[in-house]
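Peer 1: Each chain, letter by letter, is given below.
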Amino acid sequence: MTSETAALAVDRVFESPSSTLTIEFQGGEPALRFDLVRRIVELAENRNLTENRTLSFAMVSTLHHFSDDDLAFCRDHEIRLSTSIDGPSVLHDRNRPNPDRNAWLQTVEALDRARAVLGHEGVSALPTITREGLSDPRGLVDQYRDLGFPTIFLRPISPYGFALKTRKAIGYRMEDFLRFYDQALDYILELNANGEAFEETYAAILLRHILTPFHSGYLDLRSPTGTGLGVLVYNYDGRVFPADEARMAAQTGDQRFTMGTVADSFDTLMASPAMQWLMKGAVSEHLRGCRDCAFVPYCGSDPVFHATVQGDPAADRRDSEFCQKHMHIFRGLFRRVAEAEPETMRTFIAWAMRKPRDEVHVSGWVDR
Amino acid sequence: MRQPIGLHTHADVRGVEGVQILKVLASDEALRGEYDCRNVLVWEADLPGAAGSINGRSDRGVSIANVRDKRVIQPGDIVRLRQGSSLVSVVYRRGSKANTLFATERCNSRCVMCSQPPRDDDDSWRVAELEQTISLVDRNEIQLGITGGEPTLLGSDLGRLVDVTAHCLPDTTLHVLTNGRLFQHRLFASDIAARRPDHVVWAVPLYADVAQIHDEVVEAPGSFHETLDGLYELGRLGARVEIRVVLHKMTVGRLPQLASFIYRRLPFVEHVALMGLEPMGFAKRNRDRLWIDPVDYMPALESALFHLLNRGMTTSIYNLPLCVLPSHLWPFAEQSISDWKNLYPDECEGCAVVDRCAGFFASAGSAWRSRAVYPMKAEEVAV
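Order-wise, the sequence lines are chains A and B.
First residue of the first sequence? That's 142 in my numbering, and the numbers climb one at a time after it.
First residue of the second sequence? That's 1048 in my numbering, and the numbers climb one at a time after it.
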């Protein structure tokens, strides 16, 4: 990304009417262009002296390439770091081959370094779950516990961005993921019941939707969609996309997902043909397969997923893996709420309310 | 038995014209000139029966002497005197946490347990007296209540009381007991509730999550929806809102559901008070419909309380003595009964926690006493 593109992207960011803005850096590996990261952060902070938005920063990184100065900059400007840890070292290294075949070790060492500067809460991690990873849900959860993470976010690999060949090697059917998910969630709930606070973040997001009148803020489960309306992706070449998945879809040559370039105004981007097309699938309450669903108040619409997989942002959701996944997880959560096992309810309320589980009173009464 | 100090006594009252609202002050404080000297009754507690006068002269202007119950009147209080009457009424008591302005006897609801049964007479004369009272309240008063009747029936005069309070008592919070129904009218709500939103708490009763029960309790069809519409107007205006639930046989059945309803539909309320019944007024004649021993609704109360607390809603238990509550609910129990009607009967003699207990309403006879009441021993309450 050039400096000019970066400056234009910051202009677009502040054209958003939102009072809360987050600038997230992704790559590739953004730490390899930390000079540009610095420039963008300083530009945005200066701009915000007059804009007075709630401004925050995040970066997705392998953590391998940070200098001490870079980490100090992240600390001083409160840039939250997120990295990928796919499980035990054997699995992680196979997923992420590097020249020295020591990606896991490098990441864990870098994690320690980053934590030493940013504090324990300043770095989070996400697993990419490949076919091989499905065989050992406990191993993955234990890896996160061993590394001192209080949460894990379990989600299937997305269908975008991979060549068909790769997809065949690492991909799986949704029901295989869901079997894995159930086993992992059972294990995590067991840990909690035994007094160890550990969160499965996807369940926590859904439970916040189910048990409270508030939304979690999670972009991929919104109606109207977060696509374009809650997030914009500014590509290194200046193109603008309504979601990271749209960027990946465009990489395979499908230009229907491109909103325009950073030189276009925010209003022009929002009125682009790409947005008009995708917004046909923006509102769950209006969509076939969703509008009569009992779970629609807690779910989202994800038009980019349905556009890429089914060819139509407003495609009937009943045939989609998105629906299959959420139906299954919702049913599992609601079954547990119906059973109302006290320790499970304590865990669920703690997750939904984002409070320590020992501050939850178990009242023996569950609203249904 | 520990009896409350009442708000009324008699005395030899002289020189009053019409009605006069006066601040009682010891001479040194009166000399500081904080209050208009024409409205200050300089107090001489040492005189037999206590006495007070304006300008320190009992031969001219207002004076009172030979107060029957000397405990009733203390320096700092505001008293109301009426021409030709020996009655001295304390309308504001310094140091009390329960000072309340009585706005009107009129009401648009007829709650089955109303402790202050409404009357339909025109009592708009009260407003001028309240304005005078507000001007004499201690400047450092933290909170002043407004009750009725239904204060919103004052219409724009209620807005005037808010303004006068803002002018005389810029740091004081008003706590207004209202059924909120009239706030369904958006213009009225924004006229009244948009004034000093940080310094007025609207305390609104809600008795069930379903209209049928709420409307039956308040004996006003349609009021459930009117109150909710009013609450949403208050919420929209960013006003501070408290929900009050009076606990009795008609309301406890759906108490957990009501807690859930409050959290889901009214998450903007800043405080929920779950309140024991005051056996006064209509409550006395409706005892058969209302009475349930608090120990018998304790599971429902605990469920509702914890449901709200778990969800970050500040919730309190009012008007229930500690001996009817399991000890893990004690942290949420307040000493909520206004001092002038707060009684600790003979049963409380020797109780180890009487000093932090809400005690009883003076009006609560044996027919309204829980079977669980007993004096607790120190070893029972040791932590």
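What the hints contain is simulated information worked out from the structure, not anything from laboratory work.
By construction, the Cβ of each residue, glycine as well, lies at the ideal position given by its N, Cα and C atoms.
A hint or two may mislead.
With beta-carbon atoms standing in for the labels, derived distance ranges [to be verified]:
| no. | chain 1 | residue 1 | chain 2 | residue 2 | range |
| --- | --- | --- | --- | --- | --- |
| 1 | B | Leu1234 | A | Gln396 | 49 to 55 Å |
| 2 | B | Glu1317 | A | Pro497 | 21 to 27 Å |
| 3 | A | Ser197 | B | Asp1218 | 32 to 38 Å |
Some residues of chain A that are not near chain B, with every Cβ distance over 10 Å (derived) [to be verified]:
| no. | residue |
| --- | --- |
| 4 | Arg180 |
| 5 | Asp385 |
| 6 | Ser504 |
If you only want the chain A side, here are some residues facing chain B, beta carbon under 7 Å, derived [what the hints assert, rightly or not]:
| no. | residue |
| --- | --- |
| 7 | Val249 |
| 8 | Leu252 |
| 9 | Phe339 |
Peer 1: Decide, hint by hint, whether the structure agrees.
Peer 2: Right, here's what the structure says about each hint:
1. Leu1234(B) to Gln396(A): 49 to 55 Å: 53 Å, holds
2. Glu1317(B) to Pro497(A): 21 to 27 Å: 23 Å, holds
3. Ser197(A) to Asp1218(B): 32 to 38 Å: Holds - the Cβ-Cβ distance for Ser197(A) and Asp1218(B), about 36 Å, lies within 32 to 38 Å.
4. Arg180: The assertion about Arg180(A) holds, with a minimum of 40 Å to chain B.
5. Asp385: 32 Å, holds
6. Ser504: Per Cβ check, Ser504(A) is inside 10 Å of chain B; nearest 4 Å; violated.
7. Val249: 36 Å, violated
8. Leu252: 33 Å, violated
9. Phe339: 19 Å, violated
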